Amino acid sequence: MSSAGSEQADRAAGVSGLRFPPTLVLPAFIAGALLLLVVFFYFFGSWTLSEKADLTLCNGDEPQSLDPAVITGQLEGRICLALFEGLTTRNAKGDIIPGMAESWTHTPDGLTYTFHLRPGIKWSNGDPVTAYDFLNSWERVLNPTTASEYAYQLYYLVNGEAYGTGKITDFSQVGVKAPDDHTLVVTLAHPTAYFLELTSFQTLCPVHLPTVKKYGDDWTKPGRMVSNGPYMLKAWRLNDYILLEANPYYWRPVPVHRIKVLPTNNATACFNLFYSKKTDLILDTRSIPSALVQDIKNQPYFHANPFGATSFIRFNVKRKPFDDIRVRKALALALDKQDIVEKITRAGEPVANTLVPPGSAGYTPPQGLVYNPAEARRLLAEAGYPNGQGFPDVELLYPKRGTSEQVATEIQALWQRDLGINTIHLRGQEWKVFLNTQDLIDFDLSISGWIGDYNDPQTFLDMFVTDGGNNQTGWGDPQYDQMLQTSENTADPVKRMQILHDMEKILVEDQVPIIPVYFWVGMSLYYPDKLGGFEPNFVDDHRWGEFYIPGKKP
Amino acid sequence: MTALIIRRLLQAIPVLFIVVSLTFLLVRAAPGNPFSNGKSIRPEIMVQLNQQHDLEGTIWDQYLRYMGKVVRGNLNISTQYLNRSVNEIIAQSLPVSMVLGSVAYFLALLFGITLGGWAAISHERPNDQRIKLFANFSWPIPAPGDRFIMLFALLGISIPIFVLAPLAVILLALNLNLLPAYGWGSPDQIILPALCLSVPFAATIARLTRGSLLEVLKLDFIRTARAKGLSEDAVLFRHALKVAILPIIGYSGPAAAGILTGSIVIETLFGIPGIGQFFVNSASNRDPFMTSGVVLVFSSFLILFNLLADILYFVVDRRVKLE
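Chains as they are written, first to last, in our numbering: chain A, 12 to 565; chain B, 5 to 327.
Certain hints may be false.
[Unchecked claim] When the alpha-carbon atoms are kept at most 30 Å apart in a straight line, the in silico DSSO-like pairs for lysine-lysine are as follows: (1) B:K73 - A:K225; (2) B:K43 - A:K331; (3) B:K43 - A:K232; (4) B:K43 - A:K329; (5) A:K506 - B:K43; (6) A:K541 - A:K271; (7) B:K43 - A:K104; (8) B:K43 - A:K354; (9) B:K43 - A:K516; (10) A:K224 - B:K43; (11) A:K271 - A:K563.
[To be verified] Restraint-style ranges between C-beta atoms, simulated for each label pair: (12) B:R69 - A:K63: 43 to 49 Å; (13) A:P489 - B:G72: 49 to 55 Å; (14) A:S287 - B:V167: 19 to 25 Å; (15) B:D65 - A:T116: 50 to 56 Å; (16) A:D138 - B:G72: 36 to 42 Å; (17) A:D478 - B:L178: 51 to 57 Å.
[To be verified] Here's a subset of chain A near chain B, in silico, CB distances under 8 Å, partners left out: (18) A158; (19) D251; (20) K443; (21) V444.
By construction, these hints were calculated from the structure, which means they are not laboratory data.
Just so it is clear, the structure is predicted and the values come from calculations on it, not from any experiment.
All C-beta atoms in this analysis are idealised placements derived from N, C-alpha and C, irrespective of residue type, glycine included.
One chain only, chain A, in its complex shape (with noise of 0.2 Å):
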């Protein structure tokens, strides 16, 4: 390296031991740096021009799969809705329509349906969707093997819980039968007022089972998945976008050529792209930054509306004081509610007194606990806690993320506000230890939430099932259980509601092992007059077949 010239300056200049021609040192560094990105440039192809779509929107965090049996979330269900499309479907509104199945039937009884495939319906690579395809796509759902969390959506087929136990092996038991490829025969175990909601929910929808079998695990990446719904998986790249194309051989015609889904975690980020209007669309509620709701709210492209999903705080009814109903019933009657969503989820959150949303068809919820601070002081003086003195040291669990944060420090605020109770403390938790925390039942105070899987009040109140996998409340009543299963085997849909009106009465007027808190309201961002078919709807269920770019014709 060294060479003799080099070696004369250095001696001439003072000093030794420098091997490289001095004056070079510094342009082979960055040289050397330079050379070092050009070839990062030139070896590593991800360098791929962002892909032109007609609808770019923000969905929320990148999905943790596409596949329709295993997923569980919300945002990755709206992606596979979009690809895949099962018996029936849901337009704008959320209403239940005909998709895959023009037709059905079902026994008087409501345990039986009979459902009749279009004619003609095809897979995105022209093969015909048939009968079998959803028979066998429902057993690969209920397989064992596949450990789908959502199986149990088909544990209301007779024996479905049985083969997706594993207690038989023989599927054609189960309440599923393809007559022929255009049929398809559907058995319950009970009537279930809500099946046609489940057959429209990703985990009924069928796959093209060849595919799958063909390339395993790796079915679900672009260029091999094969899909049945309005779109089809054009590009897919980790954390950066996924590219959805109109599937030429959907049933109908497609408005919308082009989608682009940019999965992005974080809602500043989020709503940085839709103010620099490089997305169209952010329909994913925790993208928006909740600090920003209260100045938004008030513009035309900010739209908010209540949907199926609760916010509430469960007791663990197997630890004192809340062993006494006394007790939880003066928590619950002392929680000024009103204070909570105005002050900190601020974007119109209706006040909850039931577990149940309202909204649910048919429903009339119970009145519930009614913010009632005298009420409550008077049954806490009668447990033995007067003005709150005497009252143990408790700890209020809740999740590190979103504003969980600060509705904990508003609840300990408000309960020592009304209720004079100082002895509250306060517990955060990551997400997933907060999981775990909830699931051992290891925590005194807890808040939680819940998104009704189906639009009936079932979802919400079988949660609270003795022993329930979802309970988490050490709570049980005999009574109760024996309503569920009465409500299950009641196929006049007047007397179920009946039921399970009588049922939530229990829950949060009689036991109260839980505080409904407040609605969740679904918030998304878009200007109405750049994307149609975007309503309101109950399920904040947005099927993307269904928009369209006003004024431009599909």
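Dock chain B against the given chain A, drawing on the hints supplied.
Just chain B now, with coordinates in the frame of chain A:
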């Protein structure tokens, strides 16, 4: 030198082994289930999920099976991104971080060395003299140049990137509409995140350059060079800087490892599909394989770039003996 490289690479094996083992065991021992997602999972499904991801048996069994796979180059499948292998995720996201990182690294060196050098020169000449740098071209050096630059460097080091980056977005992207605020895929989208990523590194390099250059400029051989009648730029570039650069080479090794493996703040804020966000997210998702995989990549980079810096030292400075 070859012997040294071989020895250092051999030393790296136990280091990586220990790092990956600790990561895997810690993530598995931490409370929280990688599959939990708000709704309770039925036991029969849980058994399957654990089986699919090779998470059955005691933590020790899981660890042995995992290490067996790692040795064969298989980093297993992610528990968060179902159906995706950790190898695939790293192969997709690491190049993105490296492209962004190398731009930022280049900017950091360029700004750091230039500003640090400038600060040192203006410290030498505190009055409003003009300094001749290139034969017939003279730079006006503002009198407080040194303090001014150092103030900026200090700000660059002390302002956290999660404050700086949003400010830059508001100013340059949202208000002035000069650059895109978000996304990846076109060359203009790289400028803002690369600038933000480079700032703390540039500031550190500037301080290092200044300090080291000031020390060197006091040495006898510089006086000799000046006495010899060399022009100021010759003194600076041919004699002073080549010695002053040594501490920067030492710093640039670990800095390169840090900057090339991405930053969670920059990546989430600017929507860059790089590897940096997995560093934090995979741990909070309790994804043992993804976390271990990312840690493995980062430690390999750290070892590699420290080795490169040592080799560079050896090439530049004869006083360094590679024993």
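Quiz item: Can the restraint linking K224 (chain A) and K43 (chain B) be considered satisfied, given a maximum Cα separation of 30 Å?
Solution: holds, 29 Å
Quiz item: Keeping to a limit of 30 Å between CA atoms, is the pair of K43 (chain B) and K516 (chain A) held or broken?
Solution: Answer holds: K43 (chain B) to K516 (chain A) is near 24 Å, not above 30 Å.
Practice problem: Mind checking the CB of A158 (chain A) against every CB in chain B and telling me if the closest is under 8 Å? | Solution: Hint holds; A158 (chain A) Cβ to chain B Cβ min 4 Å, cut 8 Å.
Quiz prompt | Supplied distance hint 49 to 55 Å, evaluated on CB atoms of P489 (chain A) and G72 (chain B) | solution = holds, 50 Å
Quiz item: When you check the alpha-carbon spacing of K43 (chain B) and K104 (chain A), does it fall within 30 Å?
Solution: This hinted pair holds, its Cα atoms lying about 27 Å apart.
Quiz item: Do the alpha carbons of K43 (chain B) and K232 (chain A) lie within 30 Å of each other, as the hint requires?
Solution: holds, 27 Å
Quiz item: Are D478 (chain A) and L178 (chain B) spaced within 51 to 57 Å by their CB atoms?
Solution: holds, 52 Å
Quiz item: Would the pair K43 (chain B) and K331 (chain A) pass a check requiring their Cα atoms to be no farther apart than 30 Å?
Solution: holds, 26 Å
Quiz item: When you check the alpha-carbon spacing of K43 (chain B) and K329 (chain A), does it fall within 30 Å?
Solution: holds, 21 Å
Quiz item: Given the proposed pairing of K506 (chain A) with K43 (chain B), does the C-alpha separation stay at or below 30 Å?
Solution: holds, 29 Å
Quiz item: Measuring from beta carbon to beta carbon, are R69 (chain B) and K63 (chain A) in 43 to 49 Å?
Solution: holds, 46 Å
Quiz item: Does the alpha-carbon distance linking K271 (chain A) and K563 (chain A) stay inside the 30 Å limit?
Solution: Given that 30 Å is the threshold and the Cα spacing comes to 18 Å, the pair holds.
Of the hints listed earlier, there is not a single one the structure fails to meet.
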